[in-house]
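J.: This is what each chain is made of:
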Amino acid sequence: MQRRAILGYGAAGAGAVALMLFVGWWRVDGPGGPEPIGQRPVALTAMDFRLTDHEGNAVGPETLIGRPTMAFFGFTYCPDVCPTTLSDISGWLDDLGDEADEMNVVFITVDPERDTVETMAEYVGYFHPAIRGWTGPEEQIARVADGFHATYERVPTESGDYTMNHSASVFLFAASGRFVTMIDYHEPREFAVPKIRRALEEETEGAT
Amino acid sequence: MKKHILTGTLTALLTLGGLSVPALAGPVDVVVENAWSRASIGMNRPGAAYMTISNTGDEPVTLIGLATPLAMMPEIHETKTNAEGVSSMSPAGEIVIAPGESIALEPGGLHAMLMRLQEPMTEGDTFPLTLLFDDGSEVTVEVPILSIAARGPED
Ligand SMILES: [Cu+2]
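Residue numbers (the numbering used here), protein chains in the order written: chain A, 210 to 417; chain B, 4 to 158.
Hints are computed from structural coordinates only; laboratory data are not their basis.
Among the hints, a few may not be true.
Said to hold, decoys possible - Covered stretches of chain B, going by a simulated chain A footprint (3 or more residues, C-beta under 8 Å):
1. 32-38
2. 58-66
3. 77-84
4. 119-133
As the list claims (entries may be wrong) - Pulled from the structure, derived: some chain A residues nowhere near chain B, Cβ distances all over 10 Å:
5. R341
6. Y394
7. E399
Glycine residues also receive a C-beta, built at the ideal position from the N, C-alpha and C atoms.
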């Protein structure tokens with residue numbers, strides 16, 4: 210009798226867990242999941258932050274207005290995602306050739322503690338010369354991330370160091386500062402270059 | 004007492020076996036291809052290495068760890084990117100490779116994370132990386148160090 214009751218609770222428990230899992234799925238991945246549109250950055254003209262580029266120049270969102278912009282977040286102590294993104298971008302810029310000269314390409318660190326101006330200068334030097342490295346005080350980095358609706362988080366590692374989880378998408382803005390689209394981390398390269406061209410073309414349309 | 008003698012015999016057998024090496028050399032049924040890594044800036048940053056590991060045998064093999072003189076803490080990691088586009092990485096744990104299957108260590112997925120480098124990773128050099136399996140066998144590969152901006156083994 211007692212055993213039966215326990216079994217009964219067990220079944221009810223399993224049912225409750227299944228329901229919770231379902232609700233979790235519905236919210237995170239299912240039809241109830243957040244619309245990606247909510248993740249879109251605001252226009253650059255609506256952002257407000259002050260950073261320093263890898264050559265020591267003061268920069269902000271206004272630095273980017275007037276030319277299309279490709280921007281992404283990372284950190285130089287990142288062994289996998291960031292060098293891959295930087296190499297991908299270098300490849301896209303090579304594919305675009307002269308067209309890429311009309312673009313801002315900005316790598317914004319989410320790890321200003323380790324990524325000083327000098328560190329950024331050394332790091333970006335290994336990639337396409339169009340890529341600029343931006344860093345600044347922690348509270349300014351937080352403002353940039355806010356504007357992009359990007360996230361980052363410091364995570365301790367077993368080796369006693371820390372690593373950073375961060376938004377890995379590449380964000381594209383028109384010359385006007387309007388957000389155009391983003392290139393997700395795992396998106397095939399053949400989709401990336403047409404997306405960049407779209408941001409470049411918006412500039413031409415805006416100009417005519 | 005009896006146990007003690009048994010242990011002694013086993014040790015002797017293993018030592019003898021060691022001379023003909025079948026147990027200590029790698030399982031001949033694991034093939035590693037296209038190994039590569041990126042040069043590092045100094046020694047403070049972790050490095051990453053990539054390769055394809057194929058199980059060409061009839062039994063599953065379980066990769067349990069890594070060893071290399073290059074890094075104090077080599078470990079298989081997995082990068083994941085969630086629905087919001089946020090990337091994170093964490094230890095991948097043990098990896099079972101089914102007979103006839105391969106696993107790819109490639110950018111944005113699994114990688115050999117090389118923490119606490121003992122020397123800088125210099126473009127053009129190579130370093131030995133040993134894959135450790137749960138049956139005690141090992142496979143060592145020489146991993147070429149490519150440019151910091153390399154995208155794949157052919158760069
Ligand atoms: Cu890692």
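J.: Can you list which hints this structure breaks, lowest number first?
T.: 1, 2, 4, 6
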